[in-house]
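S.K.: Single-letter residue listing:
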Amino acid sequence: MLEGLVSPESLSFSYADMSVPEMLKWLQQHQQQEVLSLSSNDSPELLQILQFHGSNNDELLQSTFSHFQMVGSGFGTNYNMGFGHSHEAMDGCISRTSSCQIHPPDTMGVMLKNSEENRAISLKNKRKSEDKTREEEKTEKKIKVEAERESNISNKEASSDTSKETSKGASQIQKLDYIHVRARRGQATDRHSLAERARREKISKKMKYLQDLVPGCNTVTGKAGVLDEIINYVQSLQRQVEFLSMKLAVTNPELELAVEDLSVKQAYFTNFPVVIASKPSVMVDVPLFPLDQQGSLNLSVSNPNQTSIDAPSESWETQSQSLFASILR
Amino acid sequence: MKEEFLKKWQMGLQIYRPLIDNTSVSERRKAIKLSADVAMASLRKGTTCWSRALIQKTATEDNFLVRQMLSGIKAETLINKKLPKVMCHRKIVRRSKKILRRRQSRSAIEEVAAKARKLVKKKTQGLRNVVPGGEFMSNDVLLIQETLDYIVSLQTQVNVMRSIVDAAEAGSERTAYYLGKLKFAIEDG
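Protein chains in written order, with numbering that gives the first Met the number 0: chain Y, 0 to 328; chain E, 0 to 188.
Heads up, none of these hints are tricks.
One side of the interface only, derived from the structure: several residues of chain E facing chain Y at Cβ under 8 Å:
1. I31
2. K32
3. L118
4. V119
5. T123
6. V129
7. V130
8. D139
9. V140
10. T146
11. I150
12. Q154
13. I163
14. A167
15. E168
Think of the hints as simulated: they come from the structure by calculation, not from any bench.
Backbone N, C-alpha and C fix where the C-beta goes; we use that ideal spot for every residue, glycine too.
So here's chain E without its partners, still in its complex pose (with noise of 0.2 Å):
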């Protein structure tokens, strides 16, 4: 999983690398960034719904970049593609509920289990939020299963990154450490 990431990834940067406004930390941060995102979301080629939306948001900035990642039919039919359904308009949900529950009779233990009910609720709205695409995920069951799925992708870009920060920075280090050393030395003997 992790190489074929890093692949991915090498292949996304090699389109950015002849583009020359790559001069400001920002801009190569954000090819970074993108390609990496990109990167991890083709590995699930399309099979879920958080790849997909992943691929369609970066689509709106970088449709080239796409288009290229992505070889074959499949990057046309992902990027077309409308988001699946429209977002539930949270408020005028809930005012309509508010309305339907005032002559609902309130016990205690009824109060106390709404409320649990609401907080659940509440949290399940900032998973949606988190996740890419969880707005379009109309049933908590595949929430749960999309959130599993980016969580693992997630966890493996974290990794591979780490691992190449590590590795350049040790590089730089290390070659900035010897050759101090090797001066050091020269200049002695």
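In isolation and in its complexed conformation, chain Y is listed as follows (with noise of 0.2 Å):
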């Protein structure tokens, strides 16, 4: 009956003194645990949801945690907050416990992927390389609800052959395409609130990117206060729209926005340096404005449009400067 448990004895040795192989022995004897990764990055004290078997978790957990004591005296609190939430959906086989209760299942996790990790770090070290590892495995999002029952069934049956399940339960990880979402210390781990947080956190990654996008949105806080500059923002660009259409319709009695007319005036404003330079007399009072024009001129047309500009600014070019000194003479 308490194959699957942890026996208090078991637990006696010190933190330290683990070695690899003792610490996968463990493992293997609890059920399988599911390591969540979080997309998100600001989540201090990660959880792990851990599967026990039959009905001693309070005991069970009560003594691992007398027993880790010395690892983290803050998390206290947060055992009983735990505990109040520990009978959810899940065949009511899942507890949540606080990070320091997981220390070695956390880290033997990590050690499973990662072999090469020094026993002999201290306990702030093992905790950093911990979030590290978490956070490589960020890059995917699965809610791995499906897959957690379908390994404690079969766990079940199978208890002897822990190595088995360890691996089946890793290439579980591999085959389903879930959602990975790690739930937070004090949060419900129930199927619709996991789904309703990823989608949260889904809706804020989004927010932030508007609030790059729109001028002015960083100083604001909170949603209310973003989508309110999002419509301001997105009501003042449709209403440049229709002045501007306004504006070219006045000034533009054929309609005309056709290419070659752009490029004529690009040429000519390629032109005024070369004029300016040669005759300062009669443009004295130019002011800088062609340069700017030019300028934003070469942001909105394209490259192709400046090879045809050759043929027609040399004739531009020949036609002013003739102009002009023949005025001047």
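Starting from two chains that each stand alone, build the complex the way the hints lay out.
M.R.: So, in structure tokens, the structure goes:
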């Protein structure tokens, strides 16, 4: 009955003494542990969802917690909070533990993937590396509810062959294409809230993109303000489009947007510096306005247009130069 | 992106040019705006919701233009496809929610959170009104994605139009200025 559970005696070894094979064995004695990775970066304490069989959940966790008191004293309150939520959907077999209790399984989970880890590192470093590996896994999101259930059932049947289970679990992780979400401390772990949380994080990520795009959105905090700014921005852009089209309609009776027209104008502007340099007396009061126009035009008009400019530009240049030369003589 | 938009826009305007009734300013403005909008929407090639909604909206006003601008089979499917979902009747939804809500307890914290949520919902509804086709986007994620895309396209549209307006203005200014100078110089000398 207790085969899947960790007996308190096995936990009597000290934290630093564990060797890799011992830890692996300890892990194998557990039921399958699912490491769910979270996509967001700002969760300082990440929980792992452990599965326990049988009804001795509370006792077991109490013992592990008392053993690992030295590990983290700050997690005491969260321990209680964790058990407040411990009996939710999932066959009643999943309970949340505070992170201090699961340090050995956590590290072992890490070590399964990353066998070169040095156990002599201090606690802090271990947690840091856990976080790093977790962050590395964050590229995809998977909800692993069904995988857990399946593995749960299979584990119940073949409890002795634990190595198979872990490998099966690993293969299931690869096969199934769910969204990985890590449950934060003090949050519900049933399927609906996980999905909701994933959805909410998607939305907040997209809102961040929007904040970068819309100017002046950085100062406002909160969804409502950002949304307000976005609405104003979109409305102002639409109004600008209307205004500009009106302006174009007024200045452009023939609806001539022709590229040739543009190329001519660009040629005109490119010639300007030449003309200015040669005839300063005439051009004294010419503002720098056309040069700006040239800059803006270069942004909007494509490069293929410039090749067609060469021919007309020369003619313009010669014409204007000859004109002015004749005038000033 | 800008070049493609420009080309499509010119294509659309060319359709309008042979029409004789372009004498009034409002007609011209409408022509310019419609062709610009359809050009912008056609750049997305029907992948985004707002572009489809925009094309369908302009198709109600000027079917011919849309058909000409969007070449190929796509035009037919885009125009003929009915609008994706029925708009939720917000009043009815609100009333039914009110009825459901009557018996819930109200603590202080809950009230504040509820008010914040209401505010956010109001804003998203406002956003749906602004973005073309926003009414038909069922979830918020889609709405925000569409607004992102729509904002980017609007920005390019505004940039291109503004630079053309400036060029046209400057061109006419320059020519007027130079003609004035020339006249002056000729009269003097």
